[in-house]
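Construct all of the structure, not just a fragment, from the sequences and the given hints.
Residue numbers (the working numbering), protein chains in the order written: chain S, 1 to 307; chain D, 1 to 307; chain A, 1 to 307; chain E, 1 to 307; chain L, 1 to 307; chain Z, 1 to 307.
Bear in mind the hints are in silico, worked out from the structure with no lab data behind them.
There could be a bad hint or two in this list.
Copies of the same chain look alike in the list, so a pair counts if it works inside one copy or between any two.
[What the hints assert, rightly or not] In silico lysine-lysine, DSSO-like type, Cα no more than 27 Å apart, as pairs: (1) 230 to 217; (2) 24 to 230; (3) 230 to 51; (4) 167 to 51; (5) 217 to 24; (6) 24 to 51.
6 protein chains.
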Amino acid sequence: MQSQIAEIERTVSRVATALNTPGKLEQHIMPSWRGSMPAPEALRDIVDQFKIVLFPDFFDQLRGCRSMTEARLTVSIERLYRLLTAEMTKCMVASDESADDDTARTRASSCALSLIERFPEIKRMLYTDVQAIYDNDPATEDYSEIILSYPVVQAMIHYRLAHEMVKLGVPLLPRILTELAHSLTGIDINPGATIGEYFAIDHGTGVVIGETCIIGKHVTLYQGVTLGAKNFTLDREGRPVNIPRHPVLEDNVTVYANSTILGRVTIGHDTIIGGNVWLTESVPAYSRVTQHHYQNSNRITTHNPNS
Amino acid sequence: MQSQIAEIERTVSRVATALNTPGKLEQHIMPSWRGSMPAPEALRDIVDQFKIVLFPDFFDQLRGCRSMTEARLTVSIERLYRLLTAEMTKCMVASDESADDDTARTRASSCALSLIERFPEIKRMLYTDVQAIYDNDPATEDYSEIILSYPVVQAMIHYRLAHEMVKLGVPLLPRILTELAHSLTGIDINPGATIGEYFAIDHGTGVVIGETCIIGKHVTLYQGVTLGAKNFTLDREGRPVNIPRHPVLEDNVTVYANSTILGRVTIGHDTIIGGNVWLTESVPAYSRVTQHHYQNSNRITTHNPNS
Amino acid sequence: MQSQIAEIERTVSRVATALNTPGKLEQHIMPSWRGSMPAPEALRDIVDQFKIVLFPDFFDQLRGCRSMTEARLTVSIERLYRLLTAEMTKCMVASDESADDDTARTRASSCALSLIERFPEIKRMLYTDVQAIYDNDPATEDYSEIILSYPVVQAMIHYRLAHEMVKLGVPLLPRILTELAHSLTGIDINPGATIGEYFAIDHGTGVVIGETCIIGKHVTLYQGVTLGAKNFTLDREGRPVNIPRHPVLEDNVTVYANSTILGRVTIGHDTIIGGNVWLTESVPAYSRVTQHHYQNSNRITTHNPNS
Amino acid sequence: MQSQIAEIERTVSRVATALNTPGKLEQHIMPSWRGSMPAPEALRDIVDQFKIVLFPDFFDQLRGCRSMTEARLTVSIERLYRLLTAEMTKCMVASDESADDDTARTRASSCALSLIERFPEIKRMLYTDVQAIYDNDPATEDYSEIILSYPVVQAMIHYRLAHEMVKLGVPLLPRILTELAHSLTGIDINPGATIGEYFAIDHGTGVVIGETCIIGKHVTLYQGVTLGAKNFTLDREGRPVNIPRHPVLEDNVTVYANSTILGRVTIGHDTIIGGNVWLTESVPAYSRVTQHHYQNSNRITTHNPNS
Amino acid sequence: MQSQIAEIERTVSRVATALNTPGKLEQHIMPSWRGSMPAPEALRDIVDQFKIVLFPDFFDQLRGCRSMTEARLTVSIERLYRLLTAEMTKCMVASDESADDDTARTRASSCALSLIERFPEIKRMLYTDVQAIYDNDPATEDYSEIILSYPVVQAMIHYRLAHEMVKLGVPLLPRILTELAHSLTGIDINPGATIGEYFAIDHGTGVVIGETCIIGKHVTLYQGVTLGAKNFTLDREGRPVNIPRHPVLEDNVTVYANSTILGRVTIGHDTIIGGNVWLTESVPAYSRVTQHHYQNSNRITTHNPNS
Amino acid sequence: MQSQIAEIERTVSRVATALNTPGKLEQHIMPSWRGSMPAPEALRDIVDQFKIVLFPDFFDQLRGCRSMTEARLTVSIERLYRLLTAEMTKCMVASDESADDDTARTRASSCALSLIERFPEIKRMLYTDVQAIYDNDPATEDYSEIILSYPVVQAMIHYRLAHEMVKLGVPLLPRILTELAHSLTGIDINPGATIGEYFAIDHGTGVVIGETCIIGKHVTLYQGVTLGAKNFTLDREGRPVNIPRHPVLEDNVTVYANSTILGRVTIGHDTIIGGNVWLTESVPAYSRVTQHHYQNSNRITTHNPNS
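Structure (structure tokens):
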């Protein structure tokens, strides 16, 4: 017993020292000491409050009399102001070595207010998304079912909030928010992407929407659709360059399940891309694209063992 | 400082008012004020108790002497009765504008009891699923590993419970339950689908099983399989009609990874669908379907830079 | 009211009895009574502490002065020793009917220490992964963003810890850990797989890496890639045999989105597999594999209704 | 091991049966089955919201801009309305065998509204108490210190809320609330007592104020003071009768530490009762009462062992 | 900033070293390393389960149909068996340097079972206490009010459980349990004291009942009553000797508020001790003891400033 | 239903407005808007960490190998530094209208470090208290029992920490900390009091120690002892003046239960004050003070109804 404890001590101590002796790579990856990272509970709180603000009739467990909705909205927005300022400050401090805390906080406060100014527009956009989802799905006749349970709603709430943050120059936080939605829904939308109103995704697992995508209005995607980059341009140090490299989808485009569209191509408006299509070139408006080889491409052999 | 506070006040107040002035779309989407929505913690509690009831030897942290199992089952079932009645009541009130609370509660209580009556059959079905999963997987020899960690088990527990609710006419709750599983497992089974015993899914991420699917016994799916609709019939108002539109899979069908079967087609019994197959037509029994173009379809170019 | 209570009582009681009368299948699946199962909170605690140990500058909310890092590491490692010993003991008791508790605990303690000994090497490997992810992604210039929000980091932390457990012969726990990551990220890596340093996955949803895969250094995968088994060899009892059946990827291999590689094939080093490739044969080094039929395979029809 | 488990089973089972076979006394004490009891968390929530409503600048962790205070008050009051209605309903059902649930809920809702109507007056009273405590204590110059940390404030908040409930005829809940304060502060005020404005208690541990006490304005008590009953009148069944049996303290009375006043006596206004007084008779206004025997009543013997 | 961090580091490090260098006294007080201490949450869980077992109709939030009470009791008792065994094991290990863990666990398990055997008798005793409290209090007509809110009930539940532990020789845990009640109620009953059935305390704050007290049936105490030791006999090392040193109260004794009875004296049955009595000698049966000097002992001076 | 909702709305709205219209007194009591108040959870965390730092072998649930104690101490102290700085900053901002946040934080950080410097001395003092308690109590032979369960230990931990804060000029926080202990133990020690080493209180409920008390070494108090002020000197505005007004107890003084010592009197060293003594004058060293009138002062009447 005694000797076992001694062994534990020795091991723990030796490993702690080893772990505290950073190798070459770790020295590179280690950030300078700056404040604390965004707190997971704070992020969850932000999203919860934001959902109450957007859909008070669906997410506010204490919702009730209409005439008190404005009071509840005020309280939630004020709370969001505080939460957003706090977490944005952390992100600004963490991503900008030269910033001092006060400057970061002032900038964060100003960003938080600007973001709040855009809430009504974000809300309007999200309601168009809900309507588009409703219009696409024969399996439901109930907005509550959509808003409470459809993964795409969760994903779009995170994305539309995060996208506004990107536009305001907030570092770190937007991606953390969309990856949170990615984890919950399997839908991976880069917060830098631009997505128009009345956007719908069905099922959604495996959808990938890249950073420089531009998506018009009334676009619908199905599960497993990738809007990705075809290849990277590398800079002199061999790092990929961040230039427009993802597709542009104009208005009224529909992309069916598991199709992949790669590179800075443009899918013209009112186009339908069938399932399992692999597309690396632009397509004019009013097109219908299907996988040529999927037409009667299955080899079917049948043998009835009983016959 | 003082002026900053004033600005925050003005912004919060203005935005709260704007958000409380619903636009045209929002008026449409807003439900009438009716009770509260299902509580996430209650749903988690329902699933946890249900897992204890089904697999007391695996999920009950305080499980122990066999002879007390019945007592523990009684307590968990009683608790489920209360939780189910409460959440079903909310869903019935929320989805039926004309219902008064007492009628909803009485109906919910009756549904909860009917659901509980079916627990032994649900349990039997789920044990066949576990057995089928075990029989398909060379990577494990341990039922505990399957029951505690395989996503398909989680998905099927949610689905089989939710499907019975659908049959009892419970609104909202079934979909919320299966979407919860979707979020946890990446497996998206519509609670309306009909699935026979000894059902197995391996890996599972990206699987989609549509609302009107009918799946026989001893069917196995792999990751990324879609059993979907090909296209929708629209009604006069332009909304898709909810008619049978997803595949029928007869007994002993296996569908390998990333294949897509669309429309009201029938896959005959004892059929194997290979990987990446795109299928929109029926297939007779005892068939073997593979992607014609996947046979030797890869263009492989090799160049050894050293040579 | 009174009669309703009586009905509830009768139903609950009858169902409890029925559920406590195991059918034939259930008797098979039911484990013998042995201790308790791994506790979800303990697992979360293990992963959280492990993340603090590996990335103290990113995950430790109370991180601060450099000179105290070693103290914090010591405390976290000691805590991990206790948590790991406790959960491993449960798993060893649960999976080995003949083991008595003390033997299991002694073995678990010894495994926990051996695992801790490997922390510095696990850490080194994970830092190479972070570097590889960074080098592949034009969308970020920030290690914090990667470590805090990229799903692949989460998946690799779970996998690399779980894989060392597999090597130490720990039952049950490794798979539970990787399935936890699977649920959070949609990336399904079997803990038995062997993966070299500088491993990167982008987006990740739907990636499946089978139990007997061997992956070299500097390998990159994209979303939806399957490294799976082609078919199983069955033993005399009809159960699939656990033999090498998944691909070998040599160094510097890249596999683009949604490609599927099946069976014990070898992908030679410095090879690029394009998107949507279906591959069941080996490929020599320095190859470039693309789907033949994806080259210009789309049928595009365009009609401008206005023209 | 096996035999030990059997013994546990036998014991648990035997004891459960014994405990479920109520003796004569237990049959008497056992209530009929009626709903559920007040939930401790709900009570804590009620008190917390009530404190925010009364002292928004002290207890609201998210308090901030003045102009939003009304919104926050509205939200808290609405929440209190719901919480109070729910808990009062339980108490009304539990204490009145004949009441059906709907009647109880209607009555509870009406009581909750009436109670809320009185919040401004309760608040006014409590602010006079705070002022009186401030005026009596040389150890503080800070209202925050008093409101956040003095036990008497906690006790008076509970009492003044509970007392209004008593006046509205709410069963059970008032006493539960004051006993909660008793547990936290050592101050035991029966919610039936009547207490005027500007009431102060210093230190407070051991203070007892009986159900039928009537206390005027500007009264101050010190620790250990009992305002109790001298003896009980018994009814025909030998149960004590609930008639006025506790003291009346007129305005401007001060009672110093550990004094005991028993029976329906009247302490005239502007009277000071010294410490350790035992009083069972009325006292006219402008009196000063001290323990006769405490004047020089100590026997002091001194011996210096060194001398 | 940098220098401040350095100062923090230096201070923390210096103080940690100083605190880790135990002085003479600390070496004396420091226990040898043995397992862990009782966990506060486990203790709270024990008391909560025990309350459900004793008063299922009052404390079980999910209580309901009578016919399921036995199932609920079984589950709670089994849970208590586990909790008690775990915490008692810790206490036995902590208090007996020579004990090995397995011996302690076996002893603890046996103690837990013996304790459970006594639950029906403990329950019977506690119901007599509730009845006695009810019979003494004109302020209530409701058993629910007493059981849910009266501090004496809380104190007696803890005491009667702890006292049985003392009789079984369980170290540490009994005192921890009664001090927990002391903290909640202000009633300090040493678990070693012997207390007969139908025991009541009113208000209770400040009541002290010493370790060797023997209290008969139908005894009632009021707030502030001390049943204490007069003085200690010291052993050769100057430590006080643990011999009978507290009062014996025979049946039907009542002691009014703030009276103090010290030493191994006997208060004969059917005796009433008035308030504020100081008693250090035995009293025969059927006595009535009052403070001589409290009769008309108040010096009352009155002056009407207006006259 | 609809009209009821309207009534709720009207009431809530009217009351919110009324509560938001501060009366004269409320305007006085309302603080200016400055930051947030100390968070209860932070305070609990501070005390918990402080207990781990002082008694690592008793309160650290993860305590273990001796050689890692210093690491654990380092982590806890660093955490305390952060918690203390945060809460002290709030208190400094809240109590000093003119202070800006940065000045407050700098001062708080400096106070926190100074406080940490004193931890070894606070620890030494507290170990003398534990020893004194041990030496006074025949009912225990176990330091664990004392440290884990005796209320006086809890009270002294809070007091000795708070007293050092008073000496450092920290506002608000010290009193909040000692009132927290007051609530838990019934022992009310003003943090301004000065208390020497080897201080013991037995039972403790109702003990009051005033702000300007000076207590020497080896002093022991029993339950219900008040060391209070006799009367107040008022300043010109009628507020009591904060001057020395509580007793001085020299070394080796013992005060038995329920005695009251008032005013700036000096109790000479090696003096014993008996129970229930009322003392408002100084007493020389080596004295023994008893209540004259308690000697044989009971009126005992006995009547045997059977004789």
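Evaluation of the provided hints:
Within a single copy, residue 230 and residue 217 get their C-alpha atoms as close as 24 Å, and across copies as close as 23 Å, so both meet the 27 Å cut-off. Taking identical chains as interchangeable, the C-alpha atoms of residue 24 and residue 230 are never at most 27 Å apart, the minima being 32 Å within one chain and 41 Å between chains. Taking identical chains as interchangeable, the C-alpha atoms of residue 230 and residue 51 are never at most 27 Å apart, the minima being 35 Å within one chain and 33 Å between chains. For a Cα distance limit of 27 Å, the shortest separation of residue 167 from residue 51 inside one copy, 20 Å, qualifies, whereas the shortest one across copies, 31 Å, does not.
When the C-alpha separation of residue 217 and residue 24 is checked against a cutoff of 27 Å, the pair qualifies only between copies, where the shortest distance is 18 Å, while the shortest distance within a copy is 49 Å. Proximity of residue 24 to residue 51 under the C-alpha cut-off of 27 Å is restricted to the inter-copy arrangement: shortest distance 20 Å between copies versus 44 Å within a copy.
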